[in-house]
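J.: Residue strings, one per chain:
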Amino acid sequence: MNTKTAHELHSLLAAKKVSSVELTESVFERIEKVEDRVRAYVTLTKEKALQAARKADEKVKKGETLSPLEGIPIALKDNLCTKGTLTTCSSKILANYIPPYNATIIEKLQKIGAVPTGKTNLDEFAMGSSTENSGFHPTHNPWDLNRVPGGSSGGSAAAVAADECILALGSDTGGSIRQPAAFCGVVGLKPTYGRVSRYGLVAFASSLDQIGPLTKDVTDCAILLNAISGHDPKDSTSADLPVPDHRKALVNDAKRFRLGLITELTGKGIDEQVVKAVREAARKLESLGAIVEEVSLPTFEYAVAAYYLIAPAEASSNLARYDGVKYGHRSQEGSDLINMYYNTRREGFGPEVKRRIMLGTYALSAGYYDAYYLKALKVRQLIKEDFDKAFQRFDVLLSPTAPSVSFKIGEKTADPLSMYLSDIATIPVNLAGLPAISLPCGFAEDLPIGLQLIGEAFAEEKLLQVAYTYEQNTEWHKRKPGL
Amino acid sequence: MKYETVIGLEIHAQLLTESKMFCSCSTRFGAKPNTNICPVCTGQPGVLPVVNKKAIELAIKSALALNCRIEHRSVFARKNYFYPDLPKNFQISQFELPLATKGYLDLKLNGGKKRIGITRVHLEEDAGKLVHKGAARIMGATESLVDYNRTGTPLMEIVSEPDLRSPQEAKLFMEALQHLLQFIGVCDAKMEEGSLRCDANISIRPAGQIKFGVKTEVKNMNSFKAVEKALLAEEKRHREVLTEGGTILQETRFFDDITDTTTGMRSKEYSHDYRYFPEPDLVPVMPGQNWIEGIKKGIGELPEHKSERFKKDLELSAADAEFLISSPALALFFEECLKLYPKAKILANWIMGDLTAYLNANNLTIEKVDLSPAALTDMLKEIDKGTISGKIAKTILTEMLKTGKTVKDIIKEQGLTQISDEGALLKIAEEVIKNNPKQVEEYKAGKHTLIMFLVGQVMKLSKGRAQPEAVQKLLREKLI
Amino acid sequence: MQIDVEHIARLARLGLTGEEKKLYGCQLARILEHAETLQKLNTDQVPPLTHTLPLKNVLREDKVIPFENTADIVNNAPVEEGQMFKVPKILE
Chain A
42 MNTKTAHELH SLLAAKKVSS VELTESVFER IEKVEDRVRA YVTLTKEKAL
92 QAARKADEKV KKGETLSPLE GIPIALKDNL CTKGTLTTCS SKILANYIPP
142 YNATIIEKLQ KIGAVPTGKT NLDEFAMGSS TENSGFHPTH NPWDLNRVPG
192 GSSGGSAAAV AADECILALG SDTGGSIRQP AAFCGVVGLK PTYGRVSRYG
242 LVAFASSLDQ IGPLTKDVTD CAILLNAISG HDPKDSTSAD LPVPDHRKAL
292 VNDAKRFRLG LITELTGKGI DEQVVKAVRE AARKLESLGA IVEEVSLPTF
342 EYAVAAYYLI APAEASSNLA RYDGVKYGHR SQEGSDLINM YYNTRREGFG
392 PEVKRRIMLG TYALSAGYYD AYYLKALKVR QLIKEDFDKA FQRFDVLLSP
442 TAPSVSFKIG EKTADPLSMY LSDIATIPVN LAGLPAISLP CGFAEDLPIG
492 LQLIGEAFAE EKLLQVAYTY EQNTEWHKRK PGL
Chain B
10 MKYETVIGLE IHAQLLTESK MFCSCSTRFG AKPNTNICPV CTGQPGVLPV
60 VNKKAIELAI KSALALNCRI EHRSVFARKN YFYPDLPKNF QISQFELPLA
110 TKGYLDLKLN GGKKRIGITR VHLEEDAGKL VHKGAARIMG ATESLVDYNR
160 TGTPLMEIVS EPDLRSPQEA KLFMEALQHL LQFIGVCDAK MEEGSLRCDA
210 NISIRPAGQI KFGVKTEVKN MNSFKAVEKA LLAEEKRHRE VLTEGGTILQ
260 ETRFFDDITD TTTGMRSKEY SHDYRYFPEP DLVPVMPGQN WIEGIKKGIG
310 ELPEHKSERF KKDLELSAAD AEFLISSPAL ALFFEECLKL YPKAKILANW
360 IMGDLTAYLN ANNLTIEKVD LSPAALTDML KEIDKGTISG KIAKTILTEM
410 LKTGKTVKDI IKEQGLTQIS DEGALLKIAE EVIKNNPKQV EEYKAGKHTL
460 IMFLVGQVMK LSKGRAQPEA VQKLLREKLI
Chain C
21 MQIDVEHIAR LARLGLTGEE KKLYGCQLAR ILEHAETLQK LNTDQVPPLT
71 HTLPLKNVLR EDKVIPFENT ADIVNNAPVE EGQMFKVPKI LE
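Protein chains in written order, with this note's numbering: chain A, 42 to 524; chain B, 10 to 489; chain C, 21 to 112.
So here's chain A without its partners, still in its complex pose:
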């Protein structure tokens, strides 16, 4: 039961072939079986889950119609504020933090009756590409427990891949939904900036962050995207635009879609096997009627540098509030305020977070603002212009999601810069605020490879249609890790 998708389970629930409580129990049984090896979760919320499951079953009993996610177990990345439940951002500084409010999307999910299984592990404050930066423990890739699940939404991706939930939510600032989706062989989508409310998502980089779905297939992705999208008056950066029914885009037809394969992401710096798989995927789409050509976006070369000035700058300011005064950890050392600040943040933050705070503070500091932060924002404009030009010729752009398959735990932790450079394919998308989806397109040494599709702003429907078409004509999504 826990191996099924949300859309399959919805039919089964509606047909009374299975109850939500049974389904929820099945998921928790699976968690019990594999969690000590995968370690996808920080907090499990079994009681809350069963409560929601019972409610859904009540509705079915009364003959009421269920909404698509009603009674379906969903895992939530632990940087989404859940009222009354621990929300730690996988950081020691928030290890005891219980939010007094719900994130807007959490309210939405509660209203539609989704079943919350728990809060998943992440790189501390969403800073990382492997979930090794979690302040508590790393998560293991269900495909190979010695390898990383990717990051920062590694816990959510692993949970979906290991059937420790039916679907999950993550967040993406520089690739944090898509890259773990690629590493774990699942579907992950970062919506257009402003499509989904950020109110209640613990901020990392405000102008780049977005919440998005991690699912077993493209259909579930469309369903979850429908549920979380929409304008929120509490988020001044959320788009006041109507939300289409993304399920209508699930049409098995890629004819006459013009697809651009990004040159800069299929050459130097990308693993041969990954390039091979992506080219094959492009050929597959061609055979299904799409037009595929190469396209060059030359400013991509500068994307990582620009991102690693902008994101840490915003983060250094966003994370200033963690000071031991109002909530979270407060150091016992230090007899005055300033030492309390120093010690609390020293004890509470891990090395990657400290590194990025330092980097960001530096980029904004007097004398360096123009050369670093401001310069990066200008390069950002150029990257967006590159995309705009490309979208004049193409509907959707193609690339690998990541330059390699999942790497071994501990393999990249010694050199932060090399870890940063591995985000080359996903970062430009966040800088331009565009939507992008990753879906499985092959394997190398039994490890999943991800195909990334990038669309124009608010054109998630086009992405979903191309993704759905590809998925319906391949079998990658049916493979499961042998856990």
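Among the hints, a few may not be true.
Said to hold, decoys possible - Result set (EDC-like, lysine to aspartate or glutamate): computed pairs, CA atoms no more than 20 Å apart in a straight line:
id : chain 1 : residue 1 : chain 2 : residue 2
1  : C       : K106      : A       : D377
2  : A       : K296      : A       : E334
3  : A       : K58       : A       : E88
4  : A       : K425      : C       : D64
5  : B       : K41       : C       : D64
6  : B       : K234      : B       : E184
7  : B       : K138      : C       : E101
8  : C       : K83       : B       : E27
9  : B       : K41       : C       : E100
10 : B       : K472      : B       : E440
11 : C       : K60       : A       : E342
12 : C       : K42       : A       : E388
13 : C       : K41       : A       : D281
14 : A       : K58       : A       : E99
15 : B       : K138      : A       : D377
16 : C       : K42       : A       : D294
17 : C       : K106      : A       : E374
18 : B       : K138      : C       : E56
19 : C       : K60       : A       : E335
20 : A       : K45       : A       : E73
21 : B       : K142      : C       : D64
22 : B       : K62       : A       : D281
23 : A       : K419      : C       : E56
If you're looking for bench data, these hints aren't it; they were derived computationally from the structure.
Fit chains B and C to the known structure of chain A by using the hints.
T.: Just chains B and C, lined up with the frame of chain A:
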């Protein structure tokens, strides 16, 4: 060596909105600690700000009243520093692109006008309140307690050009600004209550020199008087240092209102690098001409224009005009009365005289009394009709203010109608003549000033109800 | 490239050990050297992109909506006294 003083002021005014700048908490003063709070204004993880429309309006209104240019695009920015009264450890303010720039405020100085430039007007959020333990103030405190009720209250920052040339001018500027802000209804503007605050930058330079001297910043001035005293003290200190051949250290100095001196706050934490950058959680404000025009219309007449109009059109004296515009409520009251009773001078006299006397004696303001323009003007009309004398009217006014009753009711109840009937007056006059033979003799003998004494006696006997002019006429006729 | 790690750590209120200062100093220098590649691009006529969504004038009506769980906020205080958040000595 003759020195010229140069002063610039940085003012913060709390705007009169119901809710806070970036969240919907109440701004009402006096609530129990940490009750007017929410996740946004306490900087919880994951929260986001949303701009209060009214705050923008009030700031634009103020900027227009200060003759500023409203910028077509303004942007919020983060000012980053750590302090416990700042929950996010950054303040959302405005930096490179403020709401308004390049305005001025005219001061009435030495019988003329002096124009003080306004560099900019922008919006930001207020911080919380700290209560110190172990000492009265922060120096020497062992612990502090934070109350976030005030955090997030909308603040309007107004920066003046360094056009002020003396501590007295600075005080006058603050008073004029207070009057203006109160007049247009954007701020209570009371320094003692903290709804109007100011910091000053002061320097001195040899008379005739163009280059500014080294400036120091002065903080902790909590009243208009304190502004003047602090700047006098600092100006003196600058002079002394320079006269002795020393140099002024650029620093921040705190005013102590007990010793009337300033002390340097030399702390290594003091070199702030605020690392300003545009607030990513907020989008630009682009007011647009229609909105600005609407706000401009809503300002109505500014006090100085009103004052001019009172002098020109109503032929009131400068002193009268100034008095009547001293508070917006008073000006409004006067003008409402004027619609019902056009004799401006008489009206002005009654308002400035008896009405104000009553208000002052009872610690009230015009807003707090139950006297409508109709009530006052009805009374004045009764005086004109001759129903009551001017003298009686004074007591009637007091009664009206105390009880809220109408003039007609009071006249009826207390039988205060003026006696103008000849027959009745004659009777009283004859009584007075009978009772005061000596004065009558002297009057008939030529001491004509005694008529006033006799009139007075008639007034006394009639309990003030006799109409004095008629009485005088009658007596004169009788005593020929 | 020499970075004043002490100064940055102080601005960010981050307590660092001597070891960490050295390590971060090196790592930051490497990252910033990579960032220098941005100088190759001519951005003289390019406006900075701060928001990818061209929104403006997102404003809220001036209405009071009290938050019900103020007690939860205060209860999260690491040290509390009289319903206020207590902090140690502010000045040295």
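J.: For each hint, tell me whether it holds in the structure or not.
T.: Verification of the hints:
The hinted pair formed by C:K106 and A:D377 meets the criterion: a straight-line CA distance of about 12 Å does not exceed 20 Å. A threshold of 20 Å between alpha carbons decides the hint, and for A:K296 with A:E334 the separation of about 14 Å falls inside it, so the pair holds. Distance check on the hinted pair: A:K58 and A:E88 sit about 23 Å apart at the alpha-carbon level, beyond 20 Å; violated. For the proposed pair A:K425 and C:D64, the alpha carbon gap of about 16 Å is at most 20 Å, so the pair holds.
The suggested pairing of B:K41 with C:D64 is violated, with an alpha-carbon distance near 54 Å, which exceeds 20 Å. Between B:K234 and B:E184 the CA atoms are separated by roughly 10 Å; this keeps the pair inside 20 Å, and the hint holds. Distance restraint check for B:K138 and C:E101: the Cα-Cα separation of roughly 14 Å lies within the 20 Å cut-off, and the hinted pair is therefore satisfied. In summary, the hint linking C:K83 to B:E27 is supported, as the alpha carbons are separated by about 6 Å, within the 20 Å threshold.
A hinted pair counts as satisfied when its Cα atoms are at most 20 Å apart, and B:K41 with C:E100 qualifies at roughly 15 Å. With a C-alpha separation of about 14 Å, the suggested pairing of B:K472 with B:E440 holds against the 20 Å cut-off. In summary, the hint linking C:K60 to A:E342 is supported, as the alpha carbons are separated by about 11 Å, within the 20 Å threshold. Restraint check: the Cα-Cα separation between C:K42 and A:E388 comes to about 18 Å, which is no more than 20 Å; the hinted pair holds.
For the suggested pair C:K41 and A:D281, the alpha carbons sit about 46 Å apart, so the restraint of at most 20 Å is broken. Restraint check for A:K58 and A:E99: satisfied, since their Cα atoms lie roughly 15 Å apart, inside the 20 Å limit. Taking the CA atoms of B:K138 and A:D377, the gap is near 19 Å; set against the 20 Å cutoff, the hint holds. A C-alpha spacing of about 56 Å is found between C:K42 and A:D294, which places the hinted pair above 20 Å, so the restraint is violated.
Taken as a hint, the C:K106 and A:E374 pair is honoured in the structure, with Cα atoms around 15 Å apart against an allowance of 20 Å. Note on B:K138 and C:E56: the hinted pairing is violated, with a Cα-Cα distance of about 43 Å set against a maximum of 20 Å. Under the criterion of a C-alpha separation no larger than 20 Å, the hint pairing C:K60 with A:E335 is inconsistent with the structure, at around 25 Å. At roughly 18 Å between alpha-carbon atoms, A:K45 and A:E73 fall within 20 Å of each other, so this suggested pair holds.
In summary, the hint linking B:K142 to C:D64 is not supported, as the alpha carbons are separated by about 54 Å, beyond the 20 Å threshold. Of the pairs offered as hints, the one joining B:K62 and A:D281 holds, with about 18 Å between alpha carbons and a cut-off of 20 Å not exceeded. Among the hinted pairs, A:K419 with C:E56 is consistent with the structure: their alpha-carbon atoms are about 14 Å apart, no more than 20 Å.
Consistency note: the structure conflicts with the earlier hints numbered 3, 5, 13, 16, 18, 19, 21.
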